[in-house]
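Protein sequences, first through last, are from chains H and B.
Letter by letter, the first sequence follows residues 1 to 115 in our numbering.
Letter by letter, the second sequence follows residues 1 to 115 in our numbering.
Among the clues, some could well be false.
[What the hints assert, rightly or not] Restraint-style ranges between C-beta atoms, simulated for each label pair:
#, chain 1, residue 1, chain 2, residue 2, range
1, B, Asn28, H, Asp67, 36 to 42 angstroms
2, B, Lys14, H, Thr65, 49 to 55 angstroms
3, H, Thr5, B, Gln17, 39 to 45 angstroms
4, H, Thr79, B, Pro75, 31 to 37 angstroms
5, B, Pro108, H, Pro7, 25 to 31 angstroms
6, B, Lys9, H, Pro115, 23 to 29 angstroms
7, B, Lys70, H, Thr56, 35 to 41 angstroms
8, B, Thr79, H, Ser28, 36 to 42 angstroms
9, H, Asp67, B, Thr113, 46 to 52 angstroms
10, H, Gly15, B, Asp54, 45 to 51 angstroms
11, H, Asn30, B, Gly42, 20 to 26 angstroms
12, H, Ser41, B, Gly63, 19 to 25 angstroms
[Unchecked claim] In silico lysine to any residue, SDA-like type, Cα no more than 20 angstroms apart, as pairs:
#, chain 1, residue 1, chain 2, residue 2
13, B, Lys9, H, His40
14, H, Lys3, B, Arg44
15, B, Lys9, H, Ser41
16, B, Lys9, H, Gln45
17, B, Lys9, H, Gln42
18, H, Lys3, B, Gly42
19, H, Lys3, B, Gln41
20, B, Lys57, H, Thr104
21, B, Lys9, H, Ile39
22, B, Lys57, H, Gln102
23, H, Lys69, H, Arg91
24, H, Lys52, B, Glu103
25, B, Lys57, H, Phe105
26, B, Lys71, H, Gln102
Note that these hints are calculated values from the structure, not bench results.
Note that the Cβ used here is the ideal one computed from N, Cα and C, for glycine as well.
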Amino acid sequence: DAKTTQPPSMDCAEGRAANLPCNHSTISGNEYVYWYRQIHSQGPQYIIHGLKNNETNEMASLIITEDRKSSTLILPHATLRDTAVYYCIVRVVRGRSGSARQLTFGSGTQLTVLP
Amino acid sequence: DGGITQSPKYLFRKEGQNVTLSCEQNLNHDAMYWYRQDPGQGLRLIYYSQIVNDFQKGDIAEGYSVSREKKESFPLTVTSAQKNPTAFYLCASSILGASGSLEQYFGPGTRLTVT
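Isolated chain B (complex conformation) (with noise of 0.2 angstroms):
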């Protein structure tokens, strides 16, 4: 069963520690995205990687890490410097070319809380 996995659901830290969120894919997918959602909100994007051991800066990186050591892997670090941690995060998976990179393939979230 092919798909895209977040883990996991629910997450709950203390401020001031850093907590990684896990997404994996075995689409084969070339691209994976990690995306931010506020309540009512749209998607921002956090990072975004089109190959291994490469990934870029989205619109709201601040506090954020990310490693892309497999292709299936791509785990989300918030640090203690990201100031309003909490949200729903998303991950997404992508082929690589003309229209496949808008189809992007979403794991269930994982929704951090921290208090």
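Just chain H, same shape as in the assembly (with noise of 0.2 angstroms):
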């Protein structure tokens, strides 16, 4: 799984757009982007995942570049709430079959969002 790189800790004030970058420069053509995050004390939470098109659902945007080495995952709109540690996974997809799958997290990005 491709190596991922993201800053150790971002401030977004509330309301305002969150916008969190994780770079993969290695990332291959059949490895997904994922982004988890996890609240103090709290099980980690999906957020959203993408291959190479952008993709958005209701809780965020996730951008990827078209040379697919970098994403970022925006927040249109950040609450207190958001405030919590955000990780970019890159890992590969198998095929249809599938199975179960290990999920491990970096460092990941500390947000803090400020009132």
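Since each chain sits alone in its own frame, please combine them into the complex, following the hints.
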């Protein structure tokens, strides 16, 4: 799995967009980008994933550069409850049959939303 | 309300006692997982199960045991053989499939303290 690099911490004003970058310059063609977050003392929460097209869901948007070497998770209107550690993960997605897969998190980005 | 539940949230035990952590899901997911998280660290996989009555060891299975008698339930027993049982234990579930197994849904966690 490709290595990812994220800034250790970021601040964002409440109500503003939070843009969290992730560098994955060694990503290969069959690797997806996944984002999770973990609020202090809670279980991790899946946010979004994508391969090469930009993706949006009710929580966030994922922008992947054309060369796929980096991506940005966008929380369009950050709230205090979005304060958490955000993890970018790059993983190969195997064929249709699939199997249970282990998640491994790096150190992530501590996002602090300020009032 | 679909989700994954763990109980209790906090658990205290004396050294030498076995303890069982509960995990239940009503998401109809085939795969279930147990992870351990130590302070400031990432997740480490203890056990996982892809189907009822079958489970596989993860990276740190020693001192732990599991069962999967029902699709909805995947209890974890921390035995007295586990050298450092004090940790935050997280249960997760997912579908099986190309990308689905990396889209894991976590419970709130059980914080176990052994003295």
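Return the numbers of the hints above that this structure violates; sort them in rising order. Every hint satisfied by this model.
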